Amino acid sequence: MTALPRWADVILLPVLNVVLAFLVGGLIVLAVGQNPIEAVGIMLYGAFGYGSGFGYTLYYTTDFIFAGLAVSLAYHAGLFNIGPEGQAYVGGLGVILIGLALNGTHWAIVFPLMIVCGALFGAAWAFIPGYLQAKRGSHVVITTILFNFIAASMMGYIISRILKPAGVNSDESAPLEAITRVPQLRSFIELFRNSPVNLTFFLAIAALIFVYWLIWRTKFGYAVRALGNNPVAANYAGISNQKMIMIVMALAGAFAAMVAVNNVGGVQGRLILNFVNGAGFVGIAVAFMGRGHPVGVGLSALLFGILYQGGQELAFQMPGITREMIVTIQALVILFTGAMGDMLRGPLGRIFTQPDPVAGGK
Amino acid sequence: MTSLNPENAQRPEGAAAAPLAIELIGINKHFGPVHANRDIHLAVRRGTVHGIVGENGAGKSTLMSILYGFYTADSGEIRVNGAPQTITDSRHALALGIGMVHQHFMLVDNFTVLENVVLGAEDSALLRPTLNKARDQLKALARDYGLEVDPDAIIENLSVGQQQRVEILKALYRGAETLILDEPTGVLTPAEADHLFRILGKLREEGKTIILITHKLREIMAITDEVSVMRQGAMVQTLKTAETSPEQLAELMVGRRVLLRVEKGPANPGDVLLDVENLIVTDDFKVPRVKNISFQVRAGEIVGIAGVAGNGQSELLESIAGMRDQLGGTIRVNGRPLSLAGDDGAARARLAGLAHVPEDRLRMGLVTNFAAWENAILGYQDKYGDGPGLDIAKARDVAGEYMKKFDVRPANLDLKTSNFSGGNQQKIVLAREMERDPDVLIVGQPTRGVDIGAIEFIHNQIIKMRDAGKAILLVSVELDEIRSLADRILVMFDGHIVGEADPASADETELGLLMTGSHPDRAVTEPGMLPEHETPAQQTMVQMSPKDNSGRETN
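Protein chains in written order, with the numbering used here: chain G, 81 to 442; chain F, 4 to 558.
Quick caveat, the hints were computed from the structure, so don't treat them as lab data.
A quick note: this is a predicted structure, and the numbers were derived from the prediction, not measured.
For every residue, glycine included, the Cβ atom is placed at its ideal position computed from N, Cα and C.
Heads up, a few of these hints could be off.
[Claimed, not checked] In silico EDC-like cross-links for lysine to aspartate or glutamate, where the CA-CA straight-line distance does not exceed 16 Å:
| no. | chain 1 | residue 1 | chain 2 | residue 2 |
| --- | --- | --- | --- | --- |
| 1 | F | Lys219 | F | Glu459 |
| 2 | F | Lys205 | F | Asp228 |
| 3 | F | Lys407 | F | Asp417 |
| 4 | F | Lys294 | F | Asp328 |
| 5 | F | Lys408 | F | Asp440 |
| 6 | F | Lys219 | F | Glu250 |
| 7 | G | Lys323 | F | Asp228 |
| 8 | G | Lys299 | F | Asp440 |
| 9 | F | Lys142 | F | Asp153 |
| 10 | F | Lys294 | F | Glu280 |
| 11 | G | Lys299 | F | Asp394 |
| 12 | G | Lys299 | F | Asp389 |
| 13 | F | Lys136 | F | Glu118 |
| 14 | G | Lys215 | F | Asp346 |
| 15 | F | Lys136 | F | Asp155 |
[What the hints assert, rightly or not] Over the 10 Å line for every Cβ pair with chain G, so calculated as not near, a few chain F residues:
| no. | residue |
| --- | --- |
| 16 | Pro22 |
| 17 | Asp42 |
| 18 | Gly50 |
| 19 | Leu129 |
| 20 | Pro132 |
| 21 | Val239 |
| 22 | Gly345 |
| 23 | Pro361 |
| 24 | Gln384 |
| 25 | Asp442 |
| 26 | Glu459 |
Use the sequences and the hints to build the structure in full.
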């Protein structure tokens with residue numbers, strides 16, 4: 081396969097994929113008799129046009145950044161973590177437990193503890209597939225998928241049978257008091273009026289920077305990348321592949337659990353059934369579209385944030401476009417950037433023909 | 004590629020004597036900015052073996068790919084049997100009677116020989132008639148050329164040499180009159196290589212034309228009638244083999260004088276630095292590959308381990324380097340036993356003062372996706388930076404020094420390692436392992452796939468390490484390399500050390516017999532270790548070439 085120039089690989093290819101997805105999406109909008117240009121306008125307005133909408137976009141982006149990092153980090157070690165959905169869900173248990181234990185305490189104390197406690201629960205949940213991969217050779221793709229299901233059942237039981245206070249009808253835990261919840265940005269910034277975006281957003285930005293540092297600036301990251309690129313060479317270099325796999329999976333789980341800090345700690349203030357709501361799976365698409373790089377993850381998380389928030393606005397504003405159609409457009413983006421992300425690589429490669437320096441090579 | 008280049012000055016004078024099977028006139032091929040073939044003229048006479056030599060990247064493979072229809076030349080003309088042809092793809096080349104035996108075999112592993120031979124050349128939708136026809140033809144080919152292979156054998160059960168014979172049969176079955184062989188002996192044992200050359204001789208007698216691409220000058224001298232030398236995409240000269248010498252060819256290939264023999268003084272062995280005692284090691288499938296081996300390497304000496312690939316050398320190296328758990332035995336470095344349990348034993352081996360140049364740099368010694376500077380610290384990454392952070396500035400400084408000292412080209416710290424040539428990749432590995440000043444250096448296949456010019460440099464570096472008082476363990480399948488570098492030779496066969504020899508006085512035949520376990524004095528008889536075979540001849544065949552997967556490309 082011909083190597084693309086770096087900028088084309090990192091920027092041009094993803095942009096072309098998104099454009100392609102929107103073109104096909106536009107055809108669908110056209111097919112149901114609506115104006116695609118107008119639809120895009122409504123979407124963008126919904127995502128950026130007014131404070132509340134923008135706030136919602138950032139709220140979704142926060143979730144997707146964490147989930148995307150959980151997938152990216154594992155991917156650098158050659159592990160395909162499909163499990164952020166379950167890891168975030170279990171992380172929610174840690175967040176609510178510390179929250180309820182310290183209910184009524186000021187958020188400035190509880191917020192860091194929520195981060196730590198959620199991270200521990202998410203890490204523990206992801207550590208198990210990591211352990212099974214490292215010591216038993218069970219493929220992490222299979223185990224993390226299964227662990228999503230186990231998490232769903234287990235959390236369903238815990239929420240409805242243990243955490244649900246008496247006299248409450250819906251399946252959810254007792255609520256946190258307002259002072260304990262992670263404060264939403266609207267309490268400092270007028271712009272975000274009714275939106276749920278909260279301090280966790282800044283945690284997400286910090287996480288992006290942290291992951292960049294971790295992967296490209298530390299010995300640990302060097303070992304992770306050596307393992308991901310060539311496990312035999314990592315073994316040769318004296319890196320314990322087993323140890324690395326377990327640590328990386330646990331770290332990935334910790335990042336996924338930050339989705340719970342955003343939702344349980346910052347938005348709902350209680351642990352409700354199935355609060356992750358697919359964000360963990362979107363993280364997979366985010367990670368692949370962002371090519372595992374924090375900058376890419378940040379940008380693609382924002383794109384998916386726009387799609388989610390703008391899509392809801394669109395469903396609301398254009399009666400001809402149903403919610404299902406929004407999901408279709410989101411799916412198209414995932415299809416074109418994830419599953420078929422390399423479709424344009426060949427044609428692009430022929431445009432930027434850059435042969436190997438060793439022309440006589442085999 | 005229609006314009007005929009009138010300047011045919013580079014054609015050998017003898018070319019007019021016999022009819023030409025293949026004639027290339029003024030072939031040019033660019034890959035972007037790289038001029039891979041510049042105005043190549045080549046005339047191959049029918050019924051001869053024509054060698055093409057050149058360093059990696061000289062354009063040999065490109066030229067043959069053009070002839071075989073993989074690439075189309077930018078300009079120039081190809082004549083087959085005197086008639087100009089535009090070869091569009093390999094099917095077309097085959098129709099013109101040009102067959103190719105690739106360096107890496109193109110066989111379906113779980114098919115029989117017969118099925119592989121007819122694959123893609125079936126006459127009808129039903130397989131049976133084709134197979135019957137092919138069976139008869141294979142019999143005839145086997146009789147005529149000494150290409151005996153059991154047509155019903157499954158490919159994966161055959162030795163590498165036999166698989167290569169299947170490749171040749173495939174080409175002949177399709178009616179090839181001209182055979183192109185790309186580095187055919189790279190994967191063969193010396194005995195298998197001899198057998199191949201006998202087959203090539205037979206083919207030549209029967210009027211077939213053979214183009215042999217190789218970088219082993221000994222083979223050129225042994226089998227070819229004419230030899231063409233390529234350098235940096237250009238055809239330097241075509242010579243009659245009888246009128247040239249390896250020294251002249253090496254000089255033409257590299258463009259300067261090359262020392263083919265290593266110059267070194269006598270060894271001054273000192274203390275025992277590496278002590279291996281009763282070592283037993285298994286491979287990934289728990290099959291014992293190193294069976295109770297003991298030996299010592301002293302400071303200031305090079306101990307060479309000779310043997311046919313796949314007789315336990317890889318497992319021995321990996322075990323000493325800490326990459327593979329041993330089942331029994333002790334390894335001592337500097338007198339202290341190494342604890343190698345767990346999957347990070349390599350780190351402890353390095354701490355104990357051991358450095359390891361692995362047999363397979365791409366599979367093991369390098370992360371090819373890494374930049375050059377990153378690979379220059381692989382295995383020593385924890386020495387760069389005090390805290391969790393990696394001291395990138397320091398790593399880059401060190402990498403820059405390595406590249407300068409070992410003349411790695413291009414001297415670009417940020418170039419992806421896979422974009423370096425094999426020789427330069429190997430220099431990165433060698434620099435990294437040698438410059439850390441280890442007490443014990445274990446080296447596997449130091450010059451595999453490395454250009455002649457770089458081989459000389461690498462050999463000198465190893466000698467320099469020895470003279471600096473290091474203990475060096477060298478494993479190579481190149482007997483010449485072992486003989487010219489080592490101060491003592493240990494011969495390994497089937498996981499045992501079956502003999503020790505002095506390189507100065509050792510006789511090649513004697514060593515060869517030891518390596519194949521057929522030395523009359525020291526025949527290794529371990530019942531049940533080798534599979535049963537029908538005839539003594541087949542038994543010998545298997546003994547000579549145990550299945551070896553270590554040399555296969557894995558990426």
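Hint by hint, here is what the structure shows:
Of the supplied pair hints, the one linking Lys219 (chain F) and Glu459 (chain F) holds, its CA atoms being roughly 14 Å apart against a limit of 16 Å. Straight-line distance between C-alpha atoms of Lys205 (chain F) and Asp228 (chain F) comes to about 14 Å, which keeps the hinted pair within the 16 Å bound. Distance hint between Lys407 (chain F) and Asp417 (chain F) is fulfilled; the C-alpha atoms sit about 14 Å from each other, no more than 16 Å. With a CA separation close to 14 Å, the supplied pair Lys294 (chain F) and Asp328 (chain F) stays within the 16 Å bound.
For the suggested pair Lys408 (chain F) and Asp440 (chain F), the alpha carbons sit about 14 Å apart, so the restraint of at most 16 Å is met. Using a Cα cut-off of 16 Å, the hinted pair Lys219 (chain F) and Glu250 (chain F) holds, with the two alpha carbons roughly 12 Å apart. As the CA atoms of Lys323 (chain G) and Asp228 (chain F) are separated by approximately 58 Å, the hinted pair breaks the 16 Å bound. Restraint check for Lys299 (chain G) and Asp440 (chain F): the C-alpha separation of about 22 Å exceeds 16 Å, so the hint is violated.
Proximity of Lys142 (chain F) to Asp153 (chain F) is assessed by CA-CA distance (about 10 Å); at most 16 Å being required, the pair is judged to hold. Taking the CA atoms of Lys294 (chain F) and Glu280 (chain F), the gap is near 11 Å; set against the 16 Å cutoff, the hint holds. A hinted pair counts as satisfied when its Cα atoms are at most 16 Å apart, and Lys299 (chain G) with Asp394 (chain F) qualifies at roughly 9 Å. Distance check on the hinted pair: Lys299 (chain G) and Asp389 (chain F) sit about 10 Å apart at the alpha-carbon level, within 16 Å; holds.
With a C-alpha separation of about 12 Å, the suggested pair Lys136 (chain F) and Glu118 (chain F) falls inside the 16 Å cut-off, and the hint holds. Restraint check for Lys215 (chain G) and Asp346 (chain F): satisfied, since their Cα atoms lie roughly 11 Å apart, inside the 16 Å limit. For the proposed pair Lys136 (chain F) and Asp155 (chain F), the alpha carbon gap of about 14 Å is at most 16 Å, so the pair holds. The Cβ of Pro22 (chain F) sits about 29 Å from the closest Cβ of chain G, beyond the 10 Å cut-off, so the non-interface label holds.
Every beta carbon of chain G lies more than 10 Å from that of Asp42 (chain F), the smallest distance being close to 15 Å; the non-interface claim holds. Consistency note on Gly50 (chain F): stated as away from chain G, and its beta-carbon is indeed over 10 Å from all of that chain's, at 28 Å minimum. With a least CB separation of 37 Å from chain G, Leu129 (chain F) remains clear of the 10 Å interface cut-off, as annotated. Against the 10 Å criterion, Pro132 (chain F) stays outside the reach of chain G, whose nearest CB is about 37 Å from its own CB.
Distance to chain G confirms Val239 (chain F) as a non-interface residue, since its nearest Cβ pair spans about 14 Å, more than 10 Å. Distance to chain G contradicts Gly345 (chain F) as a non-interface residue, since its nearest Cβ pair spans about 7 Å, not more than 10 Å. For Pro361 (chain F), the condition that its CB be more than 10 Å from all CB atoms of chain G is violated, with the nearest at approximately 6 Å. Look at Gln384 (chain F): its CB is around 5 Å from the nearest CB on chain G, not clear of 10 Å, so calling it non-interface is violated.
Interface exclusion of Asp442 (chain F) from chain G stands, the closest Cβ pair being 17 Å apart, more than 10 Å. With 10 Å as the threshold on Cβ separation, the claim that Glu459 (chain F) sits away from chain G holds: the shortest Cβ distance comes to roughly 20 Å.
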